[in-house]
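**Q** Here is how the chains run, residue by residue.
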Amino acid sequence: MSESFGLLLSYPGQVIKRYLAREKFTRIFAIFILLLIILFVGISIYATTIGGLNFISRDIEIRDALYFYIAQLFYLLVFVLSFGNSILVIAASFARKSHQWIMATPSFSIMAFVNLFQLLASSLWIFLAVIIPVLVGIAQFMGVDGLQLFLSFVLTTALIIIGSICGVLAYMLSVYLLRYFSRLLGQNIVSQSLAIILLVISSVLMIALFWRIAIPQDFVKFFDGNYIVQMQTMKEQLIYLPTFGIAQVLHDLLFCSNIFGTTYTIIFTVLTLGLFIITYVLLDKNYLIMWQLLQEGNYIAEKENSKLYSHRSYNFPAVNAVHNIIDKELLLIWRDKKNLLWFVIVIGLWVAQTAVSWRVTANANNYGDGYVFPDFVYALILAIGLYFISALALRFVFPTFSAERKVAWILGVAPISPWNIAVGKLLIYTGIFLFLGSPIVIANFVILGFGFFPALLYWIVFSLSVILIVLLAIYLSIAHPNRFSSDPETLSTTLPGLAFTSLALGGTIIIANIMYLVLSNVDLVVLLVLLITVLNLLLTSLTYNASEKFEYAGEIIA
Amino acid sequence: MIKIKGVSKKFKDKTIIHNLDLSIKKGEFYALIGPNGAGKSTLIKLLSGLLQPTKGEILLDGINIVENPKEAKALIGYIPDEPTVWDGMTGFEFMNFVGALYNIPASQREKDIKKLLKIYKLTGTEHQLYQDYSRGVRQKYSILAALLHNPSILLIDEPIVGLDPISIDITKNILDIFVKDGGTVLMVTHTLFVAQELATRIGIFEKGKLKIEGTYKELVDRANLPTKTSLDDVYKNYLV
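Which chain is which? The protein sequence lines are R and C, in order.
Residue numbers are given in numbering that gives the first Met the number 0: position 131 of the first sequence equals residue 130, and the series is strictly consecutive.
Residue numbers are given in numbering that gives the first Met the number 0: position 144 of the second sequence equals residue 143, and the series is strictly consecutive.
Bound conformation, chain R alone (with noise of 0.2 Å):
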């Protein structure tokens, strides 16, 4: 049992030296850049801290309601960032056939307490990009100690591990509810897909929920009346979210030095690790029964003959080439739900990021009409809806050649060049998100008042980027296709994954701030226009020649 646990353990370490044994160089400098965008961010966020704290600071009357406000809604973040990662993780830890022979072993027991410690390790990444460059700058700003600074890490951790826990015991808890469903109804209807759309259902309750309960609020109430009438009205709604407590005793101990805060931060860390033994002894009596349910699924020799199994076929009415990749790239994401998750959770934050923005214009409305917003809100609103596109063409687009060279066979061996398959792909991709963000974006520009003529512009900018993110995708999965790994989250930390990531990021944050610089001149708007325009054309014929060397298969096979 201890050598296999050891094993397992020490499987991370070989991982990095066979990723290391080939191509070394290029390799390390794939890590380097990993090194740099992360500290990049890390600055970033730090100076950002930093500036916003400064800009708060100037109002005294606000300022301390609002770093109470702030604590709240930075703890609430990073909870959903762990419980939604959580979940993931533990629904793909039981997907992985790879383990069936652990499971045959009779050392299955180790897998809850390595899935425990795969999900913790993956969350704790929040805390390296973003957690430390906040809490730093927070620290610096209100000159508090190195103990507090220190006591504050341990509670964010120890916050990390109460949402990954929670996703545990949630996937727990829905795959326990169909199997009593199952039980009732006399046939099994325990799914990996089925648990995680219960998980969803009941997260879209509880928020709306909490949207009932606390959103109606007017915001700027918040902030009306003293200190003390101030903090009662936020205590009074924002008691009902999951993080409260955590977040006040953060908030008294970076910005009150509040003694109570070094208390309660030893209390949560003991809770928390009783916490943690408990769901680990929870998961590892229950793994191998929530296995056996969950595997159920992979068993086919019931289901050949079964009509149970059946699903409705699609025919491919098209003969048309580029028609039918892209009936087919339309059918293989509706029928993987993880894919159809993965849309929801990026489309939900936008959808929610404008809720946010519905909201505080209607509040400032009330205290004036005609409320003006600066203009860098304007370009922020293009910069955040280019991000969400850039982080859904790096989970979709980006890996899409890499991903299919298991199967890449079939359209190798057709009669359909690489150039056609790259077109159905783009059209797609570039259909799909323009079909779901233009609403987004077109409710952003209605909300903040925007006029007809600017905000067909704003449009035209807005959707030229997507083609462009869409196509330095495809350009880069074509042109450096991946031989080894099919696996998006792998791919997207390849150097071409990672040159997607800057580029995408670079580039919007470019397009955004040259839109902030020419807001007031509709000439310098179509010059930016002109410009995307010859940038995507370029592209275009970057992918062409690319498509033109492109080989199905590679080194690997040898």
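Hints in this document: simulated from the structure, not taken from any laboratory.
Quick reminder that beta carbons are idealized off the backbone N, C-alpha and C, glycines included.
There could be a bad hint or two in this list.
As the list claims (entries may be wrong) - Here are the simulated lysine-lysine pairs, DSS-like style, with alpha carbons at most 30 Å apart:
id, chain 1, residue 1, chain 2, residue 2
1, R, K405, C, K54
2, C, K210, C, K4
3, C, K227, R, K405
4, R, K405, C, K216
5, C, K69, C, K208
6, R, K16, C, K13
7, R, K548, C, K235
8, R, K405, C, K2
9, C, K69, R, K405
10, C, K210, C, K13
11, C, K110, R, K548
12, C, K208, C, K24
13, R, K284, R, K337
14, C, K113, R, K405
15, C, K11, R, K23
16, R, K405, C, K4
17, C, K235, C, K114
18, R, K23, C, K9
19, C, K210, C, K179
20, C, K9, C, K25
21, C, K4, C, K216
22, R, K405, C, K114
23, R, K405, C, K171
24, R, K16, C, K9
25, C, K114, C, K216
Claimed, not checked - Quick list of the computed label-pair ranges, beta carbon to beta carbon:
id, chain 1, residue 1, chain 2, residue 2, range
26, R, F24, C, V160, 35 to 45 Å
27, R, K405, C, L224, 36 to 46 Å
28, R, L72, C, V160, 52 to 62 Å
29, R, I15, C, D175, 43 to 53 Å
30, R, K284, C, E81, 33 to 43 Å
31, R, S43, C, N35, 47 to 57 Å
Once you have looked at the hints, place chain C on chain R.
**A** Coordinates of chain C only, in the frame set by chain R:
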């Protein structure tokens, strides 16, 4: 007809296929056997247009696959060693999609698919997802998909892995009829009894080169082995 003229394939510094010349006539069943890593699968992938040769020329019924890939690929049916298909497709969708790629009209496709499914008695499984199929069923679908557009050349990489004995017989029958109808087959395999039964010519491939080729009888004779020696023993005689 398949004509390979001076073909080499290099991956970076490593040469996998060395200046290969090979000609397979129309109506001929050619089996290529050899140890793991000899370059057999790479050769099949070169012929099917999944890879481009570093040097040399490949002609399929007189059409150069590098210069006219669309025309050449329309002639080929390819059966891979790993019958991996998108998990989210049903067997029917997979065959329909493949048919659409070969420009077969939708109404024709449906009729042909129904007819083909009967060969392996797969009717009833076609609307289930690929992820739910066993290895053998996947293999059967990939064999049927290769036949859907009536190719004149079949390129096969390990045709019977995962198939039960009855399905193996059906597969052998399919290939036999295909050749008798004038089709050309190049098959790469480690299942030597199939090669011995079906192939009109057998080539032994090693380190990217054709070591020896001929009919089964010629290979036995050249090795001075008894007439009834199995291909297994012939193979070992040449390679061990």
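**Q** Given the proposed pairing of K405/R with K171/C, does the C-alpha separation stay at or below 30 Å?
**A** 26 Å, holds
**Q** Can you confirm whether the C-alpha distance between K210/C and K13/C stays at or below 30 Å?
**A** Roughly 19 Å between the alpha carbons, so the hint for K210/C and K13/C holds.
**Q** Given the hint that K210/C pairs with K4/C, does the C-alpha gap stay at or below 30 Å?
**A** 16 Å, holds
**Q** Take a quick look at whether K235/C and K114/C sit within 30 Å of each other, Cα to Cα.
**A** The hint is violated at about 41 Å.
**Q** If you check the beta carbons of S43/R and N35/C, does the distance land in 47 to 57 Å?
**A** 51 Å, holds
**Q** Quickly compare the C-alpha distance for K208/C and K24/C to 30 Å and report which way the hint goes.
**A** Roughly 20 Å separates the two Cα atoms, so the pair holds.
**Q** Run the distance test for K69/C versus K208/C: straight-line Cα separation, threshold 30 Å.
**A** 28 Å, holds
**Q** Is K69/C close enough to K405/R, meaning Cα to Cα at most 30 Å?
**A** At roughly 21 Å apart (the allowed maximum being 30 Å), K405/R and K69/C satisfy the hint.
**Q** Could you tell me whether the CB distance from I15/R to D175/C stays inside 43 to 53 Å?
**A** This hint holds: roughly 52 Å between Cβ atoms.
**Q** Confirm or reject the claim that F24/R and V160/C have a C-beta distance inside 35 to 45 Å.
**A** 39 Å, holds
**Q** Would you check the hint for K405/R and K216/C, treating anything up to 30 Å between C-alpha atoms as holding?
**A** Not satisfied, since the Cα-Cα distance of roughly 38 Å exceeds 30 Å.
**Q** Between K11/C and K23/R, is the straight-line Cα distance small enough, at 30 Å or below?
**A** With a Cα-Cα distance of about 16 Å, the restraint between K11/C and K23/R holds, given a limit of 30 Å.
Checked against the numbered hints listed earlier, the structure breaks hints 3, 4, 7, 11, 17 and 25; every other hint is satisfied.
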